[in-house]
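Respectively, the protein sequence lines represent chains A and B.
Its first residue numbered 1, the first sequence is counted upward by one per residue in my numbering.
Its first residue numbered 1001, the second sequence is counted upward by one per residue in my numbering.
Worth flagging that the hints you see were computed from the coordinates, not collected in a lab.
Do not take every clue at face value.
Partner residues aside, some chain B positions facing chain A, computed with beta carbon under 10 Å [to be verified]: (1) G1031; (2) N1034; (3) G1038; (4) F1050; (5) R1063; (6) I1064; (7) I1118; (8) A1121; (9) G1126; (10) Q1127; (11) Y1129; (12) F1131; (13) L1145; (14) T1148.
Predicted, not measured: the structure shown is a model, and the values here were computed from it.
All C-beta atoms in this analysis are idealised placements derived from N, C-alpha and C, irrespective of residue type, glycine included.
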Amino acid sequence: MAVVEEEQAPLELESGEDQITERPLGAFTRPGGGGGWRSWLFTVDHKKIGIMYGAAGLLFFIIGGIYALFMRLQLARPNNSILSAETYNQVFTMHGVVMIFLAAIPLGAAFSNYLIPLQIGARDVAFPRLNAFSFWVFLGGGLFLLTSMFIGGWWENAPDGGWFAYSPNTGVLFSPSKGIDFFALGLQITGIASLVGAINLIVTVLNMRSPGMTLMKMPVLTWMLFIVQLLLLFAMPVISVALFLLTFDRLFDANFFNVAQGADPLLWQHLFWIFGHPEVYILILPSFGVISEIIPTFSRKPIFGYPFMIFSGIAIGFMGWGVWAHHMFASGIGPVAVAAFSVSTMFIAVPTGVKILNWLATMWGGRIRFTTPMLYATSVVAMFTIGGLSGVTHSLAAADTQQTDTYYIVAHFHYVIFGGIILGFFGGFYFWWPKMFGYFLSEKIGKSSFWVMVIGFNLTFGPMHILGLQGMSRRIQTYSEGQGFDLWNLVATIGAFLIAVATAMFIANVFISWRAHRAGKTPAPGPDPWDARSLEWMTASPVPEHNFDETIEVERQDEFWHRKWGKDETGRVVRRATAEEVAHDGSNTNVHLPSPSYWPIVAALGLPIIGYGLIYNLWLCVVGGLFVLGGLYGWVFEPVDDPNADGHHDHEAHGTSEETGAEEVDGNSSEEVSVD
Amino acid sequence: MEIVLRRFPLTETATTETSNDHSEDHVSTLGVSNDKLGMWVFLGSDCLLFGGLISTYMLYKDRIGPDDLGPEEMFDIPFTSVSSFVLLMSSLTVVLAITALRRNDIRRCRIWLLSTAILGAIFVGGQVYEFTVFYREGLGYTTNLFGTSFFTLTGFHGVHVSVGIIMLMSMYIQSMRGKLTSENEEKLEIIGLYWHFVDVVWIVIFTIVYLFPQ
Chain A
1 MAVVEEEQAP LELESGEDQI TERPLGAFTR PGGGGGWRSW LFTVDHKKIG IMYGAAGLLF
61 FIIGGIYALF MRLQLARPNN SILSAETYNQ VFTMHGVVMI FLAAIPLGAA FSNYLIPLQI
121 GARDVAFPRL NAFSFWVFLG GGLFLLTSMF IGGWWENAPD GGWFAYSPNT GVLFSPSKGI
181 DFFALGLQIT GIASLVGAIN LIVTVLNMRS PGMTLMKMPV LTWMLFIVQL LLLFAMPVIS
241 VALFLLTFDR LFDANFFNVA QGADPLLWQH LFWIFGHPEV YILILPSFGV ISEIIPTFSR
301 KPIFGYPFMI FSGIAIGFMG WGVWAHHMFA SGIGPVAVAA FSVSTMFIAV PTGVKILNWL
361 ATMWGGRIRF TTPMLYATSV VAMFTIGGLS GVTHSLAAAD TQQTDTYYIV AHFHYVIFGG
421 IILGFFGGFY FWWPKMFGYF LSEKIGKSSF WVMVIGFNLT FGPMHILGLQ GMSRRIQTYS
481 EGQGFDLWNL VATIGAFLIA VATAMFIANV FISWRAHRAG KTPAPGPDPW DARSLEWMTA
541 SPVPEHNFDE TIEVERQDEF WHRKWGKDET GRVVRRATAE EVAHDGSNTN VHLPSPSYWP
601 IVAALGLPII GYGLIYNLWL CVVGGLFVLG GLYGWVFEPV DDPNADGHHD HEAHGTSEET
661 GAEEVDGNSS EEVSVD
Chain B
1001 MEIVLRRFPL TETATTETSN DHSEDHVSTL GVSNDKLGMW VFLGSDCLLF GGLISTYMLY
1061 KDRIGPDDLG PEEMFDIPFT SVSSFVLLMS SLTVVLAITA LRRNDIRRCR IWLLSTAILG
1121 AIFVGGQVYE FTVFYREGLG YTTNLFGTSF FTLTGFHGVH VSVGIIMLMS MYIQSMRGKL
1181 TSENEEKLEI IGLYWHFVDV VWIVIFTIVY LFPQ
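Modelling step: build the complete structure from the supplied sequences, incorporating the hints.
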């Protein structure tokens, strides 16, 4: 798939030839810059894509939260009958799948997309159109999964095998609805999104850094997100294999999980958890990165032990591959394997502990400002420690066999996922909101919603420790009276609704603060509202389309902070310059940017169609395949930069992205065809 | 990881004088283009895909019914050796195509492009033939675990080769339109990377799947 045409455009124009009208595939002109919905649909701007990831992630978070509320209503009283057992199976499965694959991963992707290029001082990601493709594939896959709720009947065809969908339980024999097909194909599609996103961001971090920004000068957030992308890169193909095997079993009568033919029921568990455990770190590391930016900023101290933070992150990334079987202690993998994975699981607590101590040491002796982001960040340290400690109790295999499949497990992973990840992300929202949108979120509403959320969270998941140790199994639809479960279940339900209230307060805050900002009642944040340290604060808020007015030469870690602050003769830290003096004002309009494109969204649209085709009618696959192929070919033959683009963004001065952006599709488009 | 710091890939303004300096446009932090790095990164990920499929095959290769034919009886080693040799030779021809393009020898480049694609097609054709023979001998996709995992693994590899052929033929068509010059040699090089990778994977599969049981 050669890409040849991009050479002609700018070069020929500059040599004085007439304007050419570029019509990729001979039919369409490119989308112009413009505004309105088109500027979002066809955008290749990493900031807009990041915001869309965030919005979609929040939307799915709310949907997943509604599922959770129904589960909690069902469990509020013994012998309740709001949800039937069949529906309950589907609701808890959808809750898990939506929260992990459609809320937590994309919210991490939102931070990656928006912040990585800014923090390394780049203009955009390495492959802007691939970035757009990644988002639309994710959204298409997510919506595909959600349609299982109502296609073929209300709550008839949603996946019902739990988020880890153990085979052979998810074979056609035991799960005859189409739910697992939706599960397998939907996750396959979102997996493509994660994979191409990972390739894109890895290349971005390795290849697009500002001059002087060596790896060990990158902000901790960028580092953690980089490790996450590496984990995604190697974990996604493994889950892809597992999902392929499951799909082939269900659709084409393959035998991978057919026990009658002698299949090994542990195969799925191994494949799933080899993906699944790195996945846990894929989820948590972005949040670790977020609070590693927030805590130093509001403690007015550099991060304590920067190299330790980085290397403990790398250690987590490596060791995350060697602990997967601790999810399988109860499945009979043998005493040697159990002992080995026990030990490795205890070990992986060490680098995490290093991080926690480093955050504490960063705060120690700092001049702490308890703003909303800082409140969230400190709560992550506390809540994640609780979740981490209950995690260590699982590493003791003997204890784990008692805890497996009880609410104790549910309590543990909600403390790490909600307490560690979601709270961190909310802190991140409050922290970067002024940078992204140019206005502050109200601190008053923010702080009160924080307290509602943390109290609600602890009320919900704290009692689950007790319930689990009392023997309440997870995933049961109801329980009878007199088992001692009544009180704590009611408390948990009340807590869950408090979390819902807090989330609603956050959403309300967004609109209330925006209206206050529009009415001019709140001050403009300026480039650097928090006196922060990394490069994204060195440009105007909201970030202009071209990010930075000029290339930033980086000399040290926390470059921006060092440009603002220095030491006088006596060694006291004094301000050298205001943020406004140092930061770029976004006035440079003569910057070349990649042009928007139709093709990513066209190619992405084909994948869910193929998905429906595989489930319902193979002819649809042809339609979907044509979308994908047409999209990819249109994409490949379209230059990165539109020679006809009007306005001020049309000069060729971009270098790498110009030369290579068009080309990347070759490589990467191939894998969409080949892998999937 | 050696880090070579060169000019920032994003120059700040766009005066045509500086932007015409095309020779400098290729640099980046690591000194390798984004595209090539992207392909390497993707291939790293693809290793895990085949790793998962090969592990599954290894787990299941001996799980057959009492009357089914196993890997030892099924495989025709001389035949597959020949088709493997054909595929390996295509790695040579793709290199010849790249060097020809580097010399701006478009005519030779096209010949080698076409021969690479044809060699790849012969390999895929051989695979289709092999599958048919196996099917006639009683090994269907759903017959037993050996059949399921064998066809899935080799099928995935065949799809990879086919995608490579499509990319090579797209390059060939571009050359027919006169759009292939030594300036976009890197594109061919990246396709070449993919092609070599697919060949290397086949060496692994051939050794593990075909030769080990013998």
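Going down the list of hints, with the structure as the test:
no.: 1; hint: G1031; result: holds, 9 Å
no.: 2; hint: N1034; result: holds, 4 Å
no.: 3; hint: G1038; result: holds, 5 Å
no.: 4; hint: F1050; result: holds, 8 Å
no.: 5; hint: R1063; result: holds, 4 Å
no.: 6; hint: I1064; result: holds, 9 Å
no.: 7; hint: I1118; result: violated, 18 Å
no.: 8; hint: A1121; result: violated, 16 Å
no.: 9; hint: G1126; result: violated, 19 Å
no.: 10; hint: Q1127; result: violated, 15 Å
no.: 11; hint: Y1129; result: violated, 21 Å
no.: 12; hint: F1131; result: violated, 14 Å
no.: 13; hint: L1145; result: holds, 5 Å
no.: 14; hint: T1148; result: holds, 4 Å
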